[in-house]
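Student: Sequence:
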Amino acid sequence: MSVTIKDVAKAAGVSTATVSRVLSGKDFFYSEKTEKKVKKAIRDLGYRKNTAAVELVTMKSKVIAVILPDTKTTFSNSIIEGIQNEAFKIDLSVIILYIGNNDREKQKRALTTVIERSVNGILLLSSQLEKENQELLNSSNIPYVYVSIAVQSENIRFIASDDFQIGYQAANFLINKGHKKIGLAALEPNTFIGRQRINGYLRALNEHSLPSNENWIFSGNYSYDDGVQAMKYYGSDTELTAIIGASDLAAIGIINQAKKIGFKVPQQLSVMSIDGTDAVNIVDPNLTSVTQSFYTMGVESMKMLLNPELKSKYTETKIEERQSTGNI
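For what it's worth, UniProt numbering labels the leading residue of the sequence shown as 1, then goes sequentially.
In short, the hints are calculated from the structure, not lab data.
Some hints could be false.
[Said to hold, decoys possible] Simulated DEER-style distance windows between Cβ atoms: (1) N101 x E81: 21 to 29 Å; (2) N102 x K232: 20 to 28 Å; (3) S93 x E130: 24 to 32 Å; (4) N138 x I282: 40 to 48 Å; (5) K264 x E132: 25 to 33 Å.
[Claimed, not checked] With a straight-line Cα cutoff of 27 Å, these simulated DSSO-like cross-link-like pairs (lysine-lysine) come out: (6) K318 x K33; (7) K37 x K108; (8) K6 x K108; (9) K181 x K318; (10) K303 x K318; (11) K10 x K89; (12) K260 x K303; (13) K311 x K62; (14) K177 x K33; (15) K37 x K131; (16) K62 x K39.
A virtual CB, placed ideally from N, CA and C, is assigned to each residue, including glycine.
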């Protein structure tokens with residue numbers, strides 16, 4: 001019985017995709033140590049390369065995988081558009097896999113799928129992998145970049161907005177309009193992104209010697225419904241004069257519920273959002289936003305994926321003032 005790539009992979013302790021890359025000479029995708037293990041297994045087992053099979057694998061590998069959680073916001077569309085446009089220029093296809101909301105098993109299944117498919121690279125969009133799944137990704141020797149989420153590791157590359165600055169910019173903008181009691185709604189405080197935004201928001205309040213109150217921060221997962229629930233929580237007798245929605249959709253939920261309970265926006269309550277997607281224009285009044293460079297993230301993440309010399313970086317964020325915020 002002839003020796004297969006699967007036999008070699010098992011003997012070397014690597015994936016079949018890694019064996020295929022060694023056979024096709026793609027040294028960009030694996031370490032020298034891995035190459036030695038695979039070649040030793042090939043010699044020991046007497047494996048003979050099936051050229052047709054390797055060519056088939058090579059054809060399939062002209063693919064970039066985008067892995068993202070089930071999202072309650074709209075910004076991922078712009079990132080994916082940037083990824084696809086950049087991939088198209090160099091004749092690469094893009095596949096998208098969803099991993100639920102930080103679901104360990106769905107993460108593992110998605111990673112296993114793309115590793116076995118022998119993709120050229122993996123982009124993890126707003127995804128936080130469990131430790132064991134991060135280890136699985138590292139062992140695959142497939143290049144990857146985190147997108148729209150900063151990672152606190154020198155060995156992991158990312159491209160994202162500075163979420164501390166986002167929280168700081170939003171709060172500081174409202175403070176400069178005279179607001180002193182500012183809410184922050186619909187974000188996840190137990191995630192890195194959520195913590196950074198809260199810390200930036202608190203820094204701005206502290207720099208202006210303004211009070212902070214844990215009851216002004218309402219948790220959620222960035223959805224429209226979380227915005228509605230946040231405004232119900234704050235209530236019609238709230239002391240807040242301004243609220244920052246953690247996404248455009250959350251801010252729209254805040255505005256709609258605020259109107260329902262009698263507030264005039266922005267005359268009685270200012271509302272602003274984080275993201276700055278096209279959704280800011282579908283609500284009346286149009287949303288003031290901290291706008292992120294999502295399309296640029298997509299384009300630059302592809303460049304980083306294909307060039308290991310490029311380092312992690314933050315993209316630009318800016319305040320875009322519209323009609324949902326006012327002075328007091």
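Student: Each hint: holds or not?
Tutor: Going down the list of hints, with the structure as the test:
1. Between N101 and E81 the CB atoms are about 23 Å apart, so this pair conforms to the stated range of 21 to 29 Å.
2. At about 26 Å, the beta-carbon gap between N102 and K232 stays in the expected band of 20 to 28 Å.
3. Take S93 and E130: their Cβ atoms lie about 28 Å apart, and the range 24 to 32 Å holds.
4. For N138 and I282, the Cβ-Cβ distance of about 41 Å falls inside the hinted range of 40 to 48 Å, so the restraint holds.
5. Take K264 and E132: their Cβ atoms lie about 51 Å apart, and the range 25 to 33 Å is violated.
6. For the given pair, K318 sits about 45 Å from K33 by alpha-carbon distance, which is inconsistent with the 27 Å threshold.
7. The suggested pairing of K37 with K108 holds, with an alpha-carbon distance near 25 Å, which does not exceed 27 Å.
8. Restraint check for K6 and K108: satisfied, since their Cα atoms lie roughly 20 Å apart, inside the 27 Å limit.
9. For the suggested pair K181 and K318, the alpha carbons sit about 22 Å apart, so the restraint of at most 27 Å is met.
10. With a CA separation close to 23 Å, the supplied pair K303 and K318 stays within the 27 Å bound.
11. A distance of roughly 36 Å separates the Cα atoms of K10 and K89; the hinted pair therefore is violated under the 27 Å criterion.
12. Restraint check: the Cα-Cα separation between K260 and K303 comes to about 46 Å, which exceeds 27 Å; the hinted pair is violated.
13. For the given pair, K311 sits about 23 Å from K62 by alpha-carbon distance, which is consistent with the 27 Å threshold.
14. Of the pairs offered as hints, the one joining K177 and K33 is violated, with about 59 Å between alpha carbons and a cut-off of 27 Å exceeded.
15. Between the alpha carbons of K37 and K131 the distance comes to roughly 25 Å, so the proposed pair stays at or under 27 Å and holds.
16. At roughly 24 Å between alpha-carbon atoms, K62 and K39 fall within 27 Å of each other, so this suggested pair holds.
In the structure shown, a violation is registered for the earlier hints numbered 5, 6, 11, 12, 14, in ascending order.
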